[in-house]
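The task is simple: from the sequences and hints, build the whole structure.
Protein chains in written order, with the working numbering: chain W, 1 to 210; chain V, 1 to 210; chain G, 1 to 210; chain S, 1 to 210; chain L, 1 to 210; chain Z, 1 to 210.
Note that these hints are calculated values from the structure, not bench results. A couple of the hints might just be wrong.
Said to hold, decoys possible - Quick partial rundown of chain Z residues pointing at chain W, CB under 7 Å, derived from the structure:
(1) A21
(2) R104
(3) D122
(4) L125
(5) L128
(6) V170
What the hints assert, rightly or not - Within a straight-line C-alpha distance of at most 25 Å, the following computed SDA-like cross-link-like pairs (lysine to any residue) qualify:
(7) Z:K61 to L:P84
(8) Z:K151 to V:A154
(9) Z:K151 to G:A154
(10) G:K52 to G:S88
(11) Z:K151 to Z:A165
(12) L:K61 to Z:K32
(13) Z:K32 to Z:Y45
(14) S:K61 to G:A165
(15) W:K151 to G:R134
(16) L:K61 to Z:L158
(17) Z:K52 to L:T68
(18) G:K32 to G:F46
(19) Z:K151 to W:D198
(20) L:K52 to L:S39
(21) G:K61 to G:L38
(22) W:K151 to V:A154
(23) V:K151 to Z:Y45
(24) W:K32 to V:L158
(25) L:K140 to S:S19
Small disclaimer: the values here were computed from a predicted structure and weren't measured. Beta carbons are placed, not taken as given, at the ideal position from N, Cα and C, and that holds for glycine.
These are the residues of each chain, in order.
Number of protein chains: 6
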Amino acid sequence: MAKRTKKAGSGYPAKARPSAAAADDTTITSLKLLPAPLSPDMAAYFAKCEEKLGFVPNVLKAYAFDMTKLSAFVAMYNDLMLAPSGLSKLEREMIAVAVSAHNRCYYCLVAHGAAVRQLSGDPPLGELMVMNYRAARLSKRERAMLEFAVKLTAEPWLVEEEDRARLRAVGFSDRDTWDIAAVAGFFNMTNRVASATDMRPNRVYHRQGR
Amino acid sequence: MAKRTKKAGSGYPAKARPSAAAADDTTITSLKLLPAPLSPDMAAYFAKCEEKLGFVPNVLKAYAFDMTKLSAFVAMYNDLMLAPSGLSKLEREMIAVAVSAHNRCYYCLVAHGAAVRQLSGDPPLGELMVMNYRAARLSKRERAMLEFAVKLTAEPWLVEEEDRARLRAVGFSDRDTWDIAAVAGFFNMTNRVASATDMRPNRVYHRQGR
Amino acid sequence: MAKRTKKAGSGYPAKARPSAAAADDTTITSLKLLPAPLSPDMAAYFAKCEEKLGFVPNVLKAYAFDMTKLSAFVAMYNDLMLAPSGLSKLEREMIAVAVSAHNRCYYCLVAHGAAVRQLSGDPPLGELMVMNYRAARLSKRERAMLEFAVKLTAEPWLVEEEDRARLRAVGFSDRDTWDIAAVAGFFNMTNRVASATDMRPNRVYHRQGR
Amino acid sequence: MAKRTKKAGSGYPAKARPSAAAADDTTITSLKLLPAPLSPDMAAYFAKCEEKLGFVPNVLKAYAFDMTKLSAFVAMYNDLMLAPSGLSKLEREMIAVAVSAHNRCYYCLVAHGAAVRQLSGDPPLGELMVMNYRAARLSKRERAMLEFAVKLTAEPWLVEEEDRARLRAVGFSDRDTWDIAAVAGFFNMTNRVASATDMRPNRVYHRQGR
Amino acid sequence: MAKRTKKAGSGYPAKARPSAAAADDTTITSLKLLPAPLSPDMAAYFAKCEEKLGFVPNVLKAYAFDMTKLSAFVAMYNDLMLAPSGLSKLEREMIAVAVSAHNRCYYCLVAHGAAVRQLSGDPPLGELMVMNYRAARLSKRERAMLEFAVKLTAEPWLVEEEDRARLRAVGFSDRDTWDIAAVAGFFNMTNRVASATDMRPNRVYHRQGR
Amino acid sequence: MAKRTKKAGSGYPAKARPSAAAADDTTITSLKLLPAPLSPDMAAYFAKCEEKLGFVPNVLKAYAFDMTKLSAFVAMYNDLMLAPSGLSKLEREMIAVAVSAHNRCYYCLVAHGAAVRQLSGDPPLGELMVMNYRAARLSKRERAMLEFAVKLTAEPWLVEEEDRARLRAVGFSDRDTWDIAAVAGFFNMTNRVASATDMRPNRVYHRQGR
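And the structure:
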């Protein structure tokens, strides 16, 4: 287990290799779509991202070939993830990551894994959501929420009243159930747009919240 | 095969049973969420639905507990399904149904199966999208489009450059690829919101386009 | 959601396309097998089909290259689906469709979906069996019956005494359990014969019971 | 690897245990169904089994609660497995076992595994069909046949023209394709009837062809 | 059902075919790896195998290209399968076969199926472990043990405290749980080494314990 | 996307929560197994770990209830991961993580994800192995290696000569193929031991190589 020494002689000559994320901020998707001029609203929004986050998330740049699509995505995202809800922002991000882990989506796991680390102040919680949420020490509320979201992701046709009843049993309201479903649904959408286009996360996410 | 005679004596006494869809227009979801007052925009949109379709789709009523969510949904839906695109409206509806068939979503199969029947004027095409798109006699373009959409639905983590190349090979542009992914992604979202809430389609859909 | 207008301009020029079912009554399977002369029994049976149903189901024509195979199929089918049983004919057809939905069999879903619509007088019930039986409002008896049939279809190796006990608990006798298993088993056979040969359902089924 | 010594001391005291197959010839299924009087035809058939095989296969006893069902089963079985066909009897039995292996059906694996051992005179061939047909050294014809049968078993909805073409490419006629499909379909039926009823194979099969 | 007669005329001319296991003792894997000189320890161990079993298991010959790998394998194997444990040797072999059945590993099913037959003196028990352990008449202890081992094999990410609690409930200690996990884990390793290299079992196993 | 502000007001009051990894270094597994006295060899090995790594990996502490098991594990691990091989140490760790990602094993993903980050000097490469190796920009050699290892993990029964041929085609020798299989097999074992016992990784891994 002396494996951690960086250059222990191996049978295969190490070559300097570029970072696996080297091009992630320059080739954001594998589709060649020209950016459209930003509408005033979207220009303001991008400026706000730069100011608050220090960068514009690559998903927004990916959608920026069409202002209608970009605006619709931003409106839905901001409502789901940031508007008042019975779910905390951390809970919504935990759903985002657990769903994206089922779908093995590189973009969403990197970006929202960082969000879980930051919102919780607990880096291993972010790792656990990425790796296997079942191994995390969660409250009954969190566990029921993620069970519902992941079953809805994996086998939506099996979700029935008894699944909703399990959410109620740990205190979620019907409105909360909607929000869990809507967030889980949303990431089932974005996971697929990201995978279909080979969308790459901003490199800065990798170091956030460590 | 005299099975089609409606009341052939059987060992089990038939009872009058209510239609399996009896309550579909009155109990739209199993969540108790009070409708919010419609915003002027949404009131106008509902009126337009009544005028053009003769009814307001139940999914809109389901979202109408919150005007922000309703507006965001409508904006995204209308852009994806109705705005100009390299994909015809029928093609977009075919994707909607093939994705919903994988996810076995009652609401979306009923509503969008009707749309395929109507847009194509070919009821069996709607049935085939619901039952197994692989059994339909499709053009290479349609087949490639649905293969991509359904793989993206079933195993998004396996979608790679060679999948995009197959779309290009039958003439889809990168923008078309985005649209296929976005429509497939959107129904992966709505299938889950519908399944999570037991959303019921307007009964009128069942007879449309037959 | 103005999508229901049949010729709303789209970016992709609509072409007149032949019905997806255009050849379903002329090329019944993709195997080239010459029909054998009908035996007297089978000729009489075909005549009876014409008289009672107005047509000969395509599956019978598909088997008609060999009288022994046709007779054996007809004997087993008629016993299972039409003979006295603790299961009503509608219940047997519901099993047929739920099994065929799991196996996504075009022929059986069309033909037996029509049977459910006709026997129940409730078109949405037929749709629900095709789309997702779990979304239907079923009696406990019906639900237990379909759960057993679909589990037996999907993972027969997991069926054990507790599954049989669930049937007993809602009032099924051991003989009824046999019949549920036999009908589910039969459609697991025919689904595969139909899929293997690309068997096409009579076009008339699509409109029956709507 | 001295593990073969039968009573090497272990931490857990060995008890005399009854054979796992002890009751297989007395409690043939877990359903309590009274045998019906054998019809003359079936009585003759049972007598012929006793004469040729030395016993009546348990599956026949299981069906013997109803002469119509028994006769239909026997007619279909004998046609499929014993009538002239482009497939040899061994090939049909290989399909039977490979399908039953996918479905993990105890009855069919025991009974038809014995048939493969006997017809081939090669016990390991029987084991390979039970365990993993892909590990067997098969001819291209046999391999293509089993690939088709097992795909049809596992994912019938994916079987298409290119699968049929693979059979043609190794010399199978369309009639042979029907027979492969019909045998594979038949065991998908019987596997499920056997699993649903916990059907037990005659104990004598275990030693046949070793 | 006269199928058991070895040369009943069939439509396809039987050819003398070599045994499917013909080369199993000469081409042990499909990798060309030269045996290394046996170390004194390993030479002694091979001699002991010859003496006690009458042969050297092929898996040992497969590892014998490298004495370090062979020694490590033997050390782990002998500890797990032969050292004192709360699990009997038969129980450990039952786990070996049930795990290998899930993974459909020819080598391990043949070698350890023989071990179950020999240690139990009950050939059908060996068959049941290979075919479907759920069909065996097992004690609650054995059943719980195999349920744990097979779930751990199929979906290790779902194993949680309630699974361990089920083992405790039938009397297993925490040390026993470790041993069940370790044996199940070990065969998940060897199944994969065997499948990756097409490892072939000694032909003698096929007849052992019949 | 102002989500990154740590305490933005949400509808759900944040509580101070302990780290999800709080107890990972004190309750290493959920089994209560008393540590045995370290043998001299193992004491020396633990001391070497402390010296080289700064800590003893929790997996070793988990095995330390039994010196035979611990020694066998260490011998096999060190040979596989550290001995000379045609595979570089980084390649072996990449296999470890890709396999563990399929099996969603918290312990192995944390410990070996850290190793990939450290050996490569490229943190995103570690993330990609955890999340979805298919999204990484890999050499053909690396890609073929991981495809083989993950197929062997997911569906070992499908691995055949053409899979080995793909390794040869990118330059792997038969000995390399063994090593790929052996490393993939080993982590299929340890993933299961870790999941079965809820093994927790040393907290220090989370920060290594970031």
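Hints breached by this structure: Result: hints 6, 12 and 23 break, sorted rising.
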